[in-house]
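Start from chain H and add chain F according to the hints.
Quick note, the sequences are listed as chains H and F, same order.
Taking my numbering, the leading residue of the first sequence gets 1, the next gets one more, and so forth.
Taking my numbering, the leading residue of the second sequence gets 1001, the next gets one more, and so forth.
Check before you lean on any hint, since a few could be wrong.
[What the hints assert, rightly or not] Over 12 Å on every C-beta distance to chain F, these chain H residues come out as not near it, computed from the model: (1) V43; (2) D130; (3) S131; (4) R134; (5) N236; (6) T457; (7) L459.
[Claimed, not checked] Calculated lysine-lysine pairs in the DSSO-like style (CA-CA distance at most 27 Å, straight line): (8) H:K177 / H:K75; (9) F:K1075 / F:K1234; (10) H:K234 / H:K177; (11) H:K195 / H:K234; (12) F:K1310 / H:K310; (13) H:K234 / H:K208; (14) F:K1310 / H:K303; (15) F:K1177 / F:K1195; (16) F:K1195 / F:K1234; (17) H:K208 / H:K177; (18) F:K1191 / H:K191; (19) H:K303 / F:K1303; (20) F:K1273 / F:K1234; (21) F:K1208 / F:K1234; (22) F:K1177 / F:K1191; (23) H:K195 / F:K1191; (24) F:K1075 / F:K1177; (25) F:K1278 / F:K1195; (26) H:K75 / H:K45; (27) F:K1195 / H:K191; (28) H:K310 / F:K1303.
[As the list claims (entries may be wrong)] Which chain H residues face chain F? A few, computed with CB under 10 Å, are given here: (29) A250; (30) D257; (31) L342.
Hints in this document: simulated from the structure, not taken from any laboratory.
By construction, the Cβ of each residue, glycine as well, lies at the ideal position given by its N, Cα and C atoms.
There are 2 protein chains.
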Amino acid sequence: MNPMLAMIDLEALIESRNFNAVREQTRNWSAADLAELMEPLSVEKAAVVFRLLPREQAADVFSYLSEDHQERLLKALGREDVANILNAMSPDDRTSLLEEMPSNAVQHLISLLSAEERAVALKLLGYEEDSIGRLMTTDFVRIRPHWTITYALDHIRRYGKDSETMSMIYIIDNDDKLIDDLRIRQLLLAKPDDKVADLMDSRFTALKATDNREVAVAAFRDTDLSALPVTDNKDNLIGIVTIDDVFDVAEEEATEDIQKIGGSEALDEPYMKIAISKMVQKRATWLVILFISEMLTATAMGKFEDEIAKAVVLSIFVPLVISSGGNSGSQASTLIIRAMALDEISLADWWRVMRREFFSGLSLGSILGVIGFARIIAWHYFFGAYGEHWFLLALTVGLALVGIVLWGSLSGSMLPFLLKRVGLDPATSSAPFVATLVDVSGLIIYFTVAGLILRGTLL
Amino acid sequence: MNPMLAMIDLEALIESRNFNAVREQTRNWSAADLAELMEPLSVEKAAVVFRLLPREQAADVFSYLSEDHQERLLKALGREDVANILNAMSPDDRTSLLEEMPSNAVQHLISLLSAEERAVALKLLGYEEDSIGRLMTTDFVRIRPHWTITYALDHIRRYGKDSETMSMIYIIDNDDKLIDDLRIRQLLLAKPDDKVADLMDSRFTALKATDNREVAVAAFRDTDLSALPVTDNKDNLIGIVTIDDVFDVAEEEATEDIQKIGGSEALDEPYMKIAISKMVQKRATWLVILFISEMLTATAMGKFEDEIAKAVVLSIFVPLVISSGGNSGSQASTLIIRAMALDEISLADWWRVMRREFFSGLSLGSILGVIGFARIIAWHYFFGAYGEHWFLLALTVGLALVGIVLWGSLSGSMLPFLLKRVGLDPATSSAPFVATLVDVSGLIIYFTVAGLILRGTLL
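Pulled out of the complex, with its shape left as it was, chain H reads as follows (with noise of 0.2 Å):
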């Protein structure tokens, strides 16, 4: 102890209401001595001198306190002090706080939180970003099984903040479990003086804190409900999560699906909003990624040279061909991500998808091969274009056009499955990306029909 403390006598200054002597006194100390002056005292005089000190100092101090003291202290603070202190008590120290605490009083101190601070105070407990932790408001009522009716409704219209918060009531048993949920019209309409007991059926529906947000996403989907409870591991329960949150975030999760789609990293912020440094960025790496891969085109294109510098007329179609095939790519994956998202599809579906494709490819394929081969004919008698074999060229590009459009079905909407089973983002699998997979694929079709039809003729 630092033997200075000793010649200040807080606990006096306090009796006799000399504030003034108090805030002399304790402005410069530091925190961690001032938290030892204050150990002795009582809780009632140790808030007195909370009051006084400046807010960050008063956090500081706080901090010091050991466990015991802190949650005497909080109690014997008013609301808005503890508000004060929580507020501007470094993140860190207030986890560790939190972390002690039973979880009533947890969920208690969370709510004296500013929206920015509340984000924090959860992140730090240990809900990983884009838990149903995060999305967690402690702004809920709940009852006990004994009360009866009026008692509870009293309690309601006491504690309930907003019509959110009052539409759906919760019961808990002693031990804080979540035991049921009633809508509060249910308790409106029963006689005063039944208990809540005889209300309850015990069907609920309760999200884990440590869920994926997207978990929670899915629960709305199926439900009609405004507001789902959320329990921690063990079933105690903990908050809620309103649907306009979840709106929020259903929005933002397609928003990411949307972006990555397009080929680039999710943006994470508003398209108007985002510096374009930081924009460029995103987009770069996708960008940079499809263009190395993309440089196996040229590679196969390269091994192709003999071929072309024999039938130039072959590298015209090239384009049209693969391009053809990431079209049919960009349509399967894009398919298959969505319904992925929206819980259509899982893992165990892959093989009726590729069945699905199958078909699908093969017709779409047949679609396009006729035309192209159709496309090159017409060419050939109106304009005499494409020499004199413009027959097997129409075959090589009819047939290539077959083969290039089921591949790039194939693989659109396999790998999304694939992506999802090694546990990466299918919407990875964006229209860009299976693009230039099928791009690099549907040259080495396009090239090998090309040598099985014009082989001894124009190659």
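Just chain F now, with coordinates in the frame of chain H:
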């Protein structure tokens, strides 16, 4: 009048409570004839006849009655009888009935319909597909400003159907105009003898039934309410939209956008449920449009056939160079499409977006240009590839990439504006669509740059 009708004295039969005879007599008459027979009856007696008629016949007869008689009869019949008749009426007859009724009666009648019939009824009442009117539910509670709190709460207990209905209470004036909304908590906390008017602040958000449902999505994005009131063109309250329905709409809209961005028509059905033939059709449309557009690449390549014949090495980089433009275009268009869907960007922002995309495109193009340039230099040094004019070739590819990526970003970002400006869905500027557009123009940029740099050497 059918002369035989004169022989039937329904009135006498009803008065003598000879209901079997009424059934006998009414069985074989046409609906039009029976209606004529019933016109002179008192409303009470007509109601008795209706209850004796089989459901379908009752609905038919009802639709033949004069509007005046219909209205009086609806009032005389019990809720269940009215529901039976309404549900059994043919949709168009019902619509003409509803069109003639005062708005509060329409609302009451619609609430009697089954969910299916209600959807049909609302549709035929003139709300366009995708309008807010289609999303509306008529389960809501309205109170009057001069009521006491006690009376209002009593009314709510009686008519509030579920928690969603009850979280927001709407106040209407004597003309049924919406004049305010209240959270139920405000009512619960108010003094029982106060007037509803004492709580009013006349601040509320209302939706128009004729507005597009995307307006509802945007409105809920900006508020944390769980329901919003819907009014007709006279500001009369005709229903509410709840956030869970709007949640579904937002998900559907995102699905449509994603599917369009992927280059197919919106499926409108889950991927696993839609018939393959139907899916092929929806995908084929765009695939064929893209294929035919992409044919321009064959035309463009044909124009440069001489250049390719002289410098086959140029053709090797065609897929690489043009796909980069497509990729940057896909990125730009999807970012803009989503920002538009979220109301972050409006048509007026086109110039600001263009400036952003100019800088982004230039940066991205330079990055890819440098990589492309380096790739050719490297392959020259390591593999002795690309002949004596390797440096000029590297320069051609590098500079073409800058131009093509810049062009891709600009056209990809402006296309959604153009589509929106002419009243089409911006999401139509799908990744494959943009890629196709940029492929064609990319070829022209590439061979033009090649012509400028390689003239006199390779070309």
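Now for the hints, and whether the structure bears them out:
1. V43: 33 Å, holds
2. D130: 18 Å, holds
3. S131: Given that every Cβ of chain F is farther than 12 Å from that of H:S131, nearest at about 20 Å, it holds.
4. R134: It holds; H:R134 is separated from chain F by about 17 Å at its closest Cβ, greater than 12 Å.
5. N236: 24 Å, holds
6. T457: 18 Å, holds
7. L459: 14 Å, holds
8. H:K177 / H:K75: Roughly 23 Å separates the two Cα atoms, so the pair holds.
9. F:K1075 / F:K1234: At roughly 24 Å apart (the allowed maximum being 27 Å), F:K1234 and F:K1075 satisfy the hint.
10. H:K234 / H:K177: This hinted pair holds, its Cα atoms lying about 8 Å apart.
11. H:K195 / H:K234: This hinted pair holds, its Cα atoms lying about 26 Å apart.
12. F:K1310 / H:K310: OK: F:K1310 and H:K310 at ~12 Å, within 27 Å.
13. H:K234 / H:K208: Distance ~10 Å between H:K234 and H:K208 Cα, so the pair holds.
14. F:K1310 / H:K303: 18 Å, holds
15. F:K1177 / F:K1195: 18 Å, holds
16. F:K1195 / F:K1234: 26 Å, holds
17. H:K208 / H:K177: Between H:K208 and H:K177 the Cα gap is close to 13 Å, so the pair holds against 27 Å.
18. F:K1191 / H:K191: 21 Å, holds
19. H:K303 / F:K1303: Measuring from Cα to Cα gives roughly 24 Å; hence the hint holds.
20. F:K1273 / F:K1234: Roughly 42 Å between the alpha carbons, so the hint for F:K1273 and F:K1234 is violated.
21. F:K1208 / F:K1234: 10 Å, holds
22. F:K1177 / F:K1191: 26 Å, holds
23. H:K195 / F:K1191: Measuring from Cα to Cα gives roughly 26 Å; hence the hint holds.
24. F:K1075 / F:K1177: Holds, because 23 Å separates the two Cα atoms, which is no more than 27 Å.
25. F:K1278 / F:K1195: Violated - the C-alpha atoms of F:K1195 and F:K1278 are around 59 Å apart, more than 27 Å.
26. H:K75 / H:K45: 13 Å, holds
27. F:K1195 / H:K191: 26 Å, holds
28. H:K310 / F:K1303: Holds - the C-alpha atoms of F:K1303 and H:K310 are around 18 Å apart, at most 27 Å.
29. A250: Nearest chain F Cβ about 6 Å off; hint holds.
30. D257: 7 Å, holds
31. L342: Holds, about 7 Å.
Checked against the numbered hints given earlier, this structure breaks hints 20 and 25; the rest are met.
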